[in-house]
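Visitor: Since each chain sits alone in its own frame, please combine them into the complex, following the hints.
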Amino acid sequence: MSKGNTIVAEGLRKRYGDLWAVDGVSFTVGEGEFFGILGPNGAGKTTTLEIIEGLRKPDEGSVRLFGEQPWPRNPKLLPRIGVQLQASSFFEKLTAREQLETFASLYGVSTGTAADMLELVGLTDKADTRENKLSGGQRQRLSIACALAHDPDIVFLDEPTAALDPQARRNLWDVLRAIKDRGKTIVYTTHYLDEAEILCDRTAIMDKGKILAMDAPATLVRGLDAPTHVMIERGIIALDDAKSLAGVEEASDDGVSLRLSTRHPGKLLSTLAERGALEGLQVRGATLEDVFLELTGREYRA
Amino acid sequence: MTAFKSLSVAMFKGFFRERVALFFTFLMPLMFLVIFGLIFGGASSSKTKIDVVGDGPVLTALNSTGIVEFQRVDSFDTAVQAVRSGDVPAAISVQGNKVELRYAASDSVQAGTVQAVIRSVVDAVNIKASGKPPTVTLNSQQVEDSSLSAIQYLTPGILSWGLATSAIFGSALTLVNWRKKQVLRRIRLAPVSTGTVISSRLLVTIGTSVLQAILFVAVAMTPVFGLKLAGQWWLALPLLVLGSLSFFSIGVLVGSIAKSEEAATGITNVIVLPMAFLSGTFFPLQNAPQWLQTVSEVLPLRHLNDGMVDVLVRGKGIEALGVPALVLLAFTIVVGFAASRVFSWEDS
Ligand SMILES: Nc1ncnc2c1ncn2[C@@H]1O[C@H](COP(=O)(O)OP(=O)(O)OP(=O)(O)O)[C@@H](O)[C@H]1O
Ligand SMILES: [Mg+2]
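Protein chains in written order, with our numbering: chain A, 1 to 302; chain B, 1 to 348.
Bound-form chain B, shown alone (with noise of 0.2 Å):
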């Protein structure tokens, strides 16, 4: 076996046989997916929000579906101003009879919904006004369960969110624990680089969130939380990998400055908990105060989720791996840098 194979080996086996870290890895996460599953399970899908300027019939009629929600600015220039900068994804201008509507094609299951439900609305007005009764008529319900919505962002938040902990805990201990028995010392003296050290544990790292997935997923596809996985879930590998490697990062960081596996325990937790409410990861940060969602921004964690929300249940393209990955990867050089600068092979 070459040193590479053996090192992860060990890794893997000393993580693996660790109660704890199988609590912090599996259990915990799998407990709160159930928890918050089965609590949100029949919470509503939140409505689409749109800017609005005028008055009309037509949004009087479309007010009463429920399908969006109104937001009243002043003038039509800024609604379409906000839509093209992304911030609502559709506006709409009534004066009496004429109606304008603008949409961002960007996001295309939102621009589609709220053009159909427009439209259909229009068009109702338009036959109540010419008199005659509708030639067709339409009668829909829905037939599944409403707490599909819940679990739809549950699954990737609580994996994005699992993930970081194990791969933060589980690099954090793996470091502490061999610094002090002496056991990276030890690797010192046998013909064994640093990066042979560093990228065994990261495979371990990495070959754990992929469990995690596998276990977190399957749990939600089961009827009981009925998740629906989109077209392109397989996206969500690369998303895997990358979150992996920059949480592995942080952990090094916090294995560089925690000198007891108490210690790597809480600072982990510090750093992780904060970071999963102000990601979203739980709840969805869509009613969130503005200044909470830009502070979010700058945190891993949100990307990870975001990208993992967008590949693996709403559908998107590759396409919605570009953002996440370019933050995640700077973050890593960054922290990584920061961790090689405290790293050191033995409590001095």
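Okay, chain A solo, but in the shape it has when bound (with noise of 0.2 Å):
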């Protein structure tokens, strides 16, 4: 394997009954690399890191993790890796500095780093709450936290951020790029396209089982052919003379404003403000939304 490379998965697959769920996956990820893996209910997404993480036996393929084969259970990689599961996994009636402090002595690590994960994730307040007091948020927190505890060299986050408010989500971001300046590797899943669009380096759009495509959100959403939406304060110009401008394909009024497609924003803009027809102008380029109707046909619902 390449030096840098933290993982090597190759040709993934593993069925349950009739169902591939995880088939033919391939990628790697480097060292103090954000990868993501982005993808609809049931593409495959925990499937694919439980095989990486060593839960799983993968049907075909490999993987290697720091080198080494994750499966069967292999006591010498355990302490390198950090795992937030899906379902957040504590310990029944423990207080959040306790699930830490357990969680850190598995490890054999002493437990003055408790203060100083819940620090890290907004919780001291929180510290002698008992695990199952705590609002949604807070236990998605306090479960990277436990994920640190040891201080791990790659974390593994099955959808952190799911069920968070916006405002909780943002937090969990700030969170999450902490932990990528410490110099971790980071692998994600996450239902959201845009999400992923701020925090990873790369990112995996998963469906079905398998990888449509991988790159740097910018990259992928650049390598499209999708249009640029331009929106103006509806009113400056009308509907129909919207629509024959140069390099309009689409215009439409939504009650608030105007939209209108085109793959020439440059050019429509200019058009534009030499009518001096700029007012409440936004820009929005094309999304890891756009990808995903483009790669798969329908419409993502997260």
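FYI, nobody ran anything at the bench for these hints, they're computed from the structure. Treat the hints with care, as some may be off.
Chain A is nowhere near these chain B residues, computed Cβ spacing over 10 Å in every case [as the list claims (entries may be wrong)]: (1) Ser6; (2) Asn269; (3) Val295; (4) Gly322; (5) Leu329.
Here chain B is said to cover these stretches of chain A; the calculated rule only asks that three of the stretch's residues, wherever they fall, bring their Cβ under 8 Å from a Cβ of chain B [as the list claims (entries may be wrong)]: (6) 69-83; (7) 243-256.
No more than 30 Å apart at the CA atoms, straight line, and that leaves these computed lysine-lysine pairs for BS3-like [unchecked claim]: (8) Lys184/A <-> Lys57/A; (9) Lys133/A <-> Lys57/A; (10) Lys13/B <-> Lys57/A; (11) Lys133/A <-> Lys13/B; (12) Lys259/B <-> Lys93/A; (13) Lys128/B <-> Lys93/A.
Note that the coordinates shown come from a computational prediction; the quantities given were computed from them, not determined experimentally. Glycine residues also receive a C-beta, built at the ideal position from the N, C-alpha and C atoms.
Guide: Right, here's the structure in full:
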């Protein structure tokens, strides 16, 4: 394997009954990289993660994690990986601090890091709250802290931002960035395309057990021949008028603003500027949602 | 902290912060101890059964003491055989004025009682026959409240039963809950061996048993109940450990089969309650039909119970631990093996 690759997965397949939950997945993740696996429910994200973590045996294909095979259970690898399972796994009836101390001690780590971790995820004031009394977002953050308690080199986070309100999600992004800044490799799954665009160095888009595309989010979007959306205040130009502007493919009025689709945004913008019709201007480039639509032929539904 | 220590602490806290567990472990057995202790408080102790052949004035006098109960047999030989095999503590043959007594020294308390009673009856008959008035007259009366005898067998019984319930229930609950909440999977991802996980739960089980023993014995020893411990009561400690071990193995088996806490609770009660009645934990088995007594011989609770009664109140020595220890150990090995076959770290 090439140096600097933390994960090398080749041709992974996993079958449940008649269903190939993972159907020929190959990818590599470099050291210190923030790698996202993106896809709708049942895409095979969790199964893929669990194969790499060594929790499941692939039916076909191979995995190397730090050059080692994670399956069968490989005690040499365990201290180096931190895992947050999709369903948060906590010790019954223990407080946030006790959870962290217990997890840390499983790795023979001193319990001093517990306070540190609580601070990192912003749960210092909840240290003595029992796990079942925490809110959904607090549980997610505690769960991430538990995955980090033994200072692993790589962390696997399975939908850490699921079921969070927008504010909590943004707070968690800061946590994830802080983890990356500590030099850790992060592999995470999400339903949110916008989030993957913001956080990930590289993203794999998965659907029905297969990786449809994999690259830096910006590259994925750029490689896509998708139109740019230009919005201006409605009433400045008539809808029919707008449709006839050079480079406009589609125009629509959503009751608030006029929406124009174009593949030549530069040209359209200068035309609008000439007419002095830039009031309320917004420009939105293609997103991963457009990529998903393009790849699968169907709308992305998280 | 080592993984072993912190897992033990986590299990201990999880168990003791669970109200249902506390109820099954401490409150319910305590309720039974108090209720049965009060109900059976007035019950008198049961009589010693001996085999009897023949007839004569000695037997009539012996019968009127009310201390022994007669079991008529056809020949003295079969009666002696029964003593040898330990079925009855003593056999007596009375042919007119000739009295033959055979006793088993293995049970020194009963042997002593039977000998003393029969000797005194024989002496009394002799004195009467001599026609002289007795030189010394004895007037004896029991001073203790007769409730003592009930609490003497109730305490070891309820301790054994409470220990069995909490050992099975507690370890099954930990396994079911931790599996359901994916904690077992998560532990699998840490460099911790299966042995560490299992042995830490065993430590918590044994610790819980010791706490139960202290609590129940302390309550039973209050003047209301008046339990009197035998001199070598500390011999109960190895029994506590062995009993915990064998019921822990059942708990691991139950915890591997049950998919929910409710199922674990149900299965535990289905196993423990009938076993408790069959093992003489609440009522002595002496009067139960023979086949029932035979069935109870295969139950670990029966042997734990017998051992506890022997060392806690009967005043028997270390030799009384032999059979219970062997049976409990064998049971642990068999059930432990079965549990290791069905155990899984995650719900499939
Ligand atoms: N233990 C299992 N037994 C049977 N089928 C399974 C099992 N685990 C997963 N599957 C199936 O495999 C497919 C992929 O599941 P997986 O959990 O990997 O999806 P996912 O991408 O993580 O979905 P989600 O976003 O909902 O978490 C699903 O169709 C699921 O029903
Ligand atoms: Mg999933």
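Visitor: Given the hinted pair Lys184/A and Lys57/A, is their alpha-carbon gap at most 30 Å?
Guide: 25 Å, holds
Visitor: Does Asn269/B clear chain A by more than 10 Å, comparing its Cβ with all Cβ atoms of that chain?
Guide: 21 Å, holds
Visitor: Are the Cα atoms of Lys259/B and Lys93/A separated by 30 Å or less?
Guide: Status holds; Cα separation ~19 Å.
Visitor: Quick check for students: does the CB of Val295/B sit more than 10 Å from each CB in chain A?
Guide: 37 Å, holds
Visitor: Given as covered by chain B, does the stretch 243-256 of chain A meet the bar of three residues or more with CB within less than 8 Å?
Guide: With 0 residues closer than 8 Å to chain B, the stretch 243-256 of chain A misses the three-residue bar; violated.
Visitor: Is Lys133/A within 30 Å of Lys13/B, Cα to Cα?
Guide: Between Lys133/A and Lys13/B the Cα gap is close to 16 Å, so the pair holds against 30 Å.
Visitor: Please confirm whether Leu329/B is truly not at the interface, meaning its C-beta sits more than 10 Å away from all C-beta atoms of chain A.
Guide: 31 Å, holds
Visitor: Confirm or reject: Gly322/B is not an interface residue toward chain A, with every Cβ-Cβ distance exceeding 10 Å.
Guide: Since the minimum Cβ distance to chain A is about 40 Å, Gly322/B lies beyond 10 Å and the statement holds.
Visitor: Holds or violated: Lys133/A and Lys57/A, Cα atoms, limit 30 Å.
Guide: Cα-Cα ~35 Å, so violated.
Visitor: Does Ser6/B sit more than 10 Å from chain A, CB to CB?
Guide: 4 Å, violated
Visitor: Quickly compare the C-alpha distance for Lys13/B and Lys57/A to 30 Å and report which way the hint goes.
Guide: 34 Å, violated
Visitor: If you look at each residue in the stretch 69-83 of chain A, do at least three have a Cβ nearer than 8 Å to any Cβ of chain B?
Guide: It holds, with 6 qualifying residues against the three required.
The structure does not agree with the numbered hints 1, 7, 9, 10, 13 stated previously, though it agrees with the rest.
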